Amino acid sequence: GNSVTQMEGPVTLSEEAFLTINCTYTATGYPSLFWYVQYPGEGLQLLLKATKADDKGSNKGFEATYRKETTSFHLEKGSVQVSDSAVYFCALMKFSGANSKLTFGKGITLSVRP
Amino acid sequence: EAEVAQSPRYKITEKSQAVAFWCDPISGHATLYWYRQILGQGPELLVQFQDESVVDDSQLPKDRFSAERLKGVDSTLKIQPAELGDSAMYLCASSLSGTVYGYTFGSGTRLTVV
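Sequences listed follow chains A and B, in order. Residue 69 is where the first sequence starts when you use the working numbering, and the numbers rise one by one after that. Residue 12 is where the second sequence starts when you use the working numbering, and the numbers rise one by one after that.
Note that these hints are calculated values from the structure, not bench results. Treat the hints with care, since some could be wrong.
[What the hints assert, rightly or not] Mimicking DSS-like on lysine-lysine, the simulated pairs with C-alpha atoms at most 30 angstroms apart in a straight line are:
{"id": "1", "chain 1": "A", "residue 1": "174", "chain 2": "A", "residue 2": "128"}
{"id": "2", "chain 1": "A", "residue 1": "145", "chain 2": "A", "residue 2": "124"}
{"id": "3", "chain 1": "A", "residue 1": "174", "chain 2": "B", "residue 2": "73"}
{"id": "4", "chain 1": "B", "residue 1": "89", "chain 2": "A", "residue 2": "162"}
{"id": "5", "chain 1": "A", "residue 1": "128", "chain 2": "A", "residue 2": "162"}
{"id": "6", "chain 1": "A", "residue 1": "162", "chain 2": "B", "residue 2": "26"}
{"id": "7", "chain 1": "B", "residue 1": "82", "chain 2": "A", "residue 2": "162"}
{"id": "8", "chain 1": "B", "residue 1": "73", "chain 2": "B", "residue 2": "22"}
{"id": "9", "chain 1": "A", "residue 1": "120", "chain 2": "A", "residue 2": "162"}
{"id": "10", "chain 1": "A", "residue 1": "162", "chain 2": "B", "residue 2": "73"}
{"id": "11", "chain 1": "B", "residue 1": "82", "chain 2": "B", "residue 2": "22"}
{"id": "12", "chain 1": "B", "residue 1": "73", "chain 2": "B", "residue 2": "26"}
{"id": "13", "chain 1": "A", "residue 1": "174", "chain 2": "B", "residue 2": "82"}
{"id": "14", "chain 1": "B", "residue 1": "26", "chain 2": "A", "residue 2": "174"}
These numbers come from a predicted model, not from an experiment.
This is chain A alone, in the form it adopts within the complex:
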């Protein structure tokens, strides 16, 4: 079945540091890939997405590239801010019409120190 594996956390960085959060997936065919962010006490917000191989999703300084050859979708940001502290989830969707659903990784907590 479909699955998403995220690197173990938590991750603690100083403000303005470079961020990489690894994500790999297992799926047949060509799923769509997503990063969601969850701030404390809130629901999930879509951060970025990519729907086909070599697509790059980007938003708020975050980027991730859909790598079919390595089945990866690593999240990066060149300079993190304290306000980026949150839990980040990688997810995939295998589109099958009305039965499409998101499958999530376990998430990783990012803490950014001033």
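Please arrange chain B on chain A, whose structure you already have, making use of the hints.
Here is chain B on its own, set in the frame of chain A:
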């Protein structure tokens, strides 16, 4: 910006009691999802509706959980009787049918069973 509404935001209930959560999706979104997120883990799908019909409830513990979406708009998730292990965040999400672009989550209901 359109939102998925959920209530209550927080719920504390005693073991063996009944509890219900409500979700109102974004207007026009035919697909509605209920996810359960245990602390420290990624969300897991409980049930998916397409209009008023259940598309996937394979992970719903049907001996105690039930879900309905009678008019194909808002939805209710019920647990009876609640168990300690049901303590989690219950997230509702909605999407346009057939989209590969992910979906919109509500802020969730934090359930604590004591």
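Notebook entry, point to check: Of the hints given before, which are not true for this structure?
Noted result: 6 and 13
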